[in-house]
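A.B. asks: For reference, the chains in residue letters:
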Amino acid sequence: MTAMLELSNVSRVFEKNLDSIEKFARVLGAKVSQARVNAVQDACFDVQRGEVVGLVGESGCGKSTLGRMVAGLLPVTSGTIHFDGVDVTAAHSDAAKRARLRVQMIFQDPMSSLNPRLRVNDIIGEAAVFHGLTSRRDMAAYVADLMTKVGLDPSYAQRYPHQFSGGQRQRIGIARALAVQPEFLICDESIAALDVSIQAQVINLFQDLRRDLDLTYLFISHDLGVIEHIADRVVVMYLGRVVEIAPTTDLFDSPRHPYTQALLDQVPKLDAGRRTYHVIKGEIPSPLNPPTGCHFHPRCPLAGPRCKTQAPRLVHDGARAAACHLNDGGVA
Amino acid sequence: MTVLSVENLQTHFFTDAGVVKAVDDVSFTLNKGEVLGLVGESGSGKTVTGFSILRLVDAPGRVTGGTIRFLGQDLATLPDREMRRLRGHRIAMIFQDPMMTLNPVLRIDTQMIEAVQAHENVSKKAARDRAIQALARVGIPSPQERLNAYPHQFSGGMRQRVAIAIALLNGPDLIIADEPTTALDVTIQSQILAEVQDLARETGTALIWITHDLAVVAGLADRIAVMYAGRIVESGAATSILNAPSHPYTAGLLGSIPGHGRRGDRLTQIAGMAPNMANLPAGCAFAPRCSYADTTCHTRAPDVSSSHDGRALRCFHPLRGGAE
Numbered sequence: 001m002t003a004m005l006e007l008s009n010v011s012r013v014f015e016k017n018l019d020s021i022e023k024f025a026r027v028l029g030a031k032v033s034q035a036r037v038n039a040v041q042d043a044c045f046d047v048q049r050g051e052v053v054g055l056v057g058e059s060g061c062g063k064s065t066l067g068r069m070v071a072g073l074l075p076v077t078s079g080t081i082h083f084d085g086v087d088v089t090a091a092h093s094d095a096a097k098r099a100r101l102r103v104q105m106i107f108q109d110p111m112s113s114l115n116p117r118l119r120v121n122d123i124i125g126e127a128a129v130f131h132g133l134t135s136r137r138d139m140a141a142y143v144a145d146l147m148t149k150v151g152l153d154p155s156y157a158q159r160y161p162h163q164f165s166g167g168q169r170q171r172i173g174i175a176r177a178l179a180v181q182p183e184f185l186i187c188d189e190s191i192a193a194l195d196v197s198i199q200a201q202v203i204n205l206f207q208d209l210r211r212d213l214d215l216t217y218l219f220i221s222h223d224l225g226v227i228e229h230i231a232d233r234v235v236v237m238y239l240g241r242v243v244e245i246a247p248t249t250d251l252f253d254s255p256r257h258p259y260t261q262a263l264l265d266q267v268p269k270l271d272a273g274r275r276t277y278h279v280i281k282g283e284i285p286s287p288l289n290p291p292t293g294c295h296f297h298p299r300c301p302l303a304g305p306r307c308k309t310q311a312p313r314l315v316h317d318g319a320r321a322a323a324c325h326l327n328d329g330g331v332a
Numbered sequence: 001m002t003v004l005s006v007e008n009l010q011t012h013f014f015t016d017a018g019v020v021k022a023v024d025d026v027s028f029t030l031n032k033g034e035v036l037g038l039v040g041e042s043g044s045g046k047t048v049t050g051f052s053i054l055r056l057v058d059a060p061g062r063v064t065g066g067t068i069r070f071l072g073q074d075l076a077t078l079p080d081r082e083m084r085r086l087r088g089h090r091i092a093m094i095f096q097d098p099m100m101t102l103n104p105v106l107r108i109d110t111q112m113i114e115a116v117q118a119h120e121n122v123s124k125k126a127a128r129d130r131a132i133q134a135l136a137r138v139g140i141p142s143p144q145e146r147l148n149a150y151p152h153q154f155s156g157g158m159r160q161r162v163a164i165a166i167a168l169l170n171g172p173d174l175i176i177a178d179e180p181t182t183a184l185d186v187t188i189q190s191q192i193l194a195e196v197q198d199l200a201r202e203t204g205t206a207l208i209w210i211t212h213d214l215a216v217v218a219g220l221a222d223r224i225a226v227m228y229a230g231r232i233v234e235s236g237a238a239t240s241i242l243n244a245p246s247h248p249y250t251a252g253l254l255g256s257i258p259g260h261g262r263r264g265d266r267l268t269q270i271a272g273m274a275p276n277m278a279n280l281p282a283g284c285a286f287a288p289r290c291s292y293a294d295t296t297c298h299t300r301a302p303d304v305s306s307s308h309d310g311r312a313l314r315c316f317h318p319l320r321g322g323a324e
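Same order as they appear, the protein sequences are chains A and B.
At position 176 of the first sequence (counting the first as 1) the number is 176 in our numbering, and the numbers step up by one without a gap.
At position 166 of the second sequence (counting the first as 1) the number is 166 in our numbering, and the numbers step up by one without a gap.
Simulated from the structure, these hints should not be mistaken for laboratory data.
Even glycine gets a Cβ: it sits at the ideal position worked out from N, Cα and C.
Please note: incorrect hints may appear among the correct ones.
Calculated Cβ distances over 12 Å to all of chain A for the following chain B residues [claimed, not checked]:
(1) ASP25
(2) ARG62
(3) ALA76
(4) THR77
(5) GLY219
(6) ASP265
Chain A side only, calculated, beta carbon under 7 Å to chain B, not exhaustive [stated by the list, open to error]:
(7) ASN204
(8) GLY225
(9) ALA319
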C-alpha cells in the first residue's frame, strides 16, 4: 500500500537578497553576506490514509513552513511531495493541481484568514462553485449543509465573520476547507488561539469529521497534550530537522531523542502539587546561525564530542525513527 | 501575614451597550510568599481584577464597590501620589507581552535604573548594580553586557525575563503576573516558572498568577481561584481543587484539557460559549451551559458558601468528591 502523503528530502531555504547598497558595501570590502535560513532540511516522512499525524516543535522549528509546502502554498526548494502517488511539487501538471485540491489547510487565526468583507455564505461557498462542486444556484443549500456539519446554525449564513465568536470563526474556517471535499486536512495550530472549553469543542469536531468523512490529518501544534490526544503518530522537529518519528503511545512512553524527552518533561501537567521543574538549559538557537553537528547539542545533557561535528541521521527502527547519535553508535 | 485582602470588589464598565460587570463581588486574601493562581477564560474578568488592585482601570470602567487592603492600607482611599509610590515599588505587575511594556527606544539599563531611582534616592551606580543582580537572578547570561542592549535585541523569552527582573528590582511585596508565559515556548515557559517559584520561596513575595491554563498553575500555585463571568466561582487549595472540583465549570475545564492518558476519547466539552458580559443571564451566569442547572439556578445567583478547609464555592449543586 502506498502512503497517502509521502515527503522525501523536502527542504526549504529562505534567502534575503542583498539590496544595492549592501552589494556596493560588499564591493568596498564590508562583511555583508546574504542571510540564509534552512527552514526545513531534508524532511522525510509519510502519512497513511485515515491517519492523524501530529507535527510538534517549538516556534521557529519549521513546522508551519512544512505544512505550507504540503498544502502547496509554498514551493519546495528541493525534494518531492507525493500525494497518492502524484508528485504535487511539479507545479504545472493537471494531475498535481487536482491532487492539491484534495489537500486543504485550516489556519491558526480565523480572523486573519477569513475575508472580513465577505458574508459567511460566500466565504464557504466560493471555492466550491469555482471548482464546479456546486452551482451558484445551489450554493446556499450546499453551504447550509456544511455549516450544519461543523456545528454552525445555517441561519447565520448571511452574517460577516466579525459577528461570530472565536470558536465559531474557526468553525467557518473548517467549513471553508471542507467545501471542496478534501481528503486531507492540514491544521496549523488551529486551536491554539481558542479558550480551553472551546478548544475541547473543536478537537471533538475534528474527531467527528475524521470519522464521518474519512479524513486524514496533518496536525501541527506546539501543544503536546493536544497531540497526544488526537494523533496516531508524531513527528518531532527541531530547528528545521525531523528529530524523531514514532507512534504516539511509544513516543510518550519512551522517547528516543533527548529533545523529545526534554519537551515531554516541560509540559505543565495537571498532577496537583508544587512540582520541581526540570529545566532544559538555553534557548532555541537562531536558525540564521544554527549550531554545527546536531542542532540540539548545545542544550543537550547527553551530548558528546561527535554531536558537535557530525549531524545525526534519522535512523529507522520498525515504526520508529530518531536522529540521535545515542541510537547510532554513541556520542563519543 | 496577610499581604492583600480583596473584599467584594466590583469593577463595572459603563458602555453604550449597557453596564458590563467585569468584576462582580470578588473576594480573596493572599499571604506572604503565597502563590494564587487566578484562572479563567478570556473575558472572565481576571485581568480587570489585577488592574483594579493597581488602580489602573480606565474609563468607562470604574471600581464601584468593595475594598482592597494592601498591608493593612485601603488602596481605594489612597491619594494618587501615594498610589504611584506603591506601583512598581511594593506592588509590581508583569504583563503578557513584554514588547508592549518595554520601551523600544531605550536601552535596558536606562529603563531599569529609572525604575529604581523613581522610588529610591540611590546613586546611578548603585541602581545599576541592583539591575545587574536582578537580571542575573532571572537567569540572563552575562547581565553586565546585556544591560546595554535594546529590547529588540532580546528573544521573546529573554524579554519576558527582563520584564520580570524589572518587577523584582525594588523587592515588591506583591507581584501580579498577567499571562506572562502564554506567548512563550514550553521549554522557555518552564524555565521561567522554575525561576518564579524559587523567587517566591526565597523572597517571600506574594504572587497572583493570572492564566487561562490550569496546568500552568497546577505546578506553581498554593491556591487557585476560578473565575467565570466576573465572579470567583470556586477557590481553595490547589491540590484540593484539582483533585476534587466542586463547581461544574471547574470540572468542565479540567475535563476539556487533552492528554492525561485519555487518548482518542471524546473530551468533556462545556456546551455553548461564554456569555455576553453586557447581557448576563439571570441567576447563575454558568447555568445556560451547565448540565446540573435547574430552575433555581436560572432565577437566583448562588451566594458564596465556604467550607472548613478554606474552600469557597458559588453553586447550588456542587459535585461531590470530584465525581467528574
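A.B. asks: Run every hint past the structure and note whether it holds.
C.D. replies: To see whether the hints hold, each was checked on the structure:
1. ASP25: Given that every Cβ of chain A is farther than 12 Å from that of ASP25 (chain B), nearest at about 23 Å, it holds.
2. ARG62: holds (27 Å)
3. ALA76: Holds, since 31 Å exceeds 12 Å.
4. THR77: Non-interface label on THR77 (chain B) holds, nearest chain A Cβ at 36 Å vs cutoff 12 Å.
5. GLY219: For GLY219 (chain B), whose nearest Cβ neighbour in chain A is about 4 Å away, the distance does not exceed 12 Å, so it is violated.
6. ASP265: Nearest chain A Cβ is 8 Å from ASP265 (chain B), so the label is violated.
7. ASN204: holds (6 Å)
8. GLY225: OK, holds: GLY225 (chain A) within 7 Å of chain B, min 3 Å.
9. ALA319: At about 16 Å, which exceeds the 7 Å cut-off, the nearest Cβ of chain B leaves the hint on ALA319 (chain A) violated.
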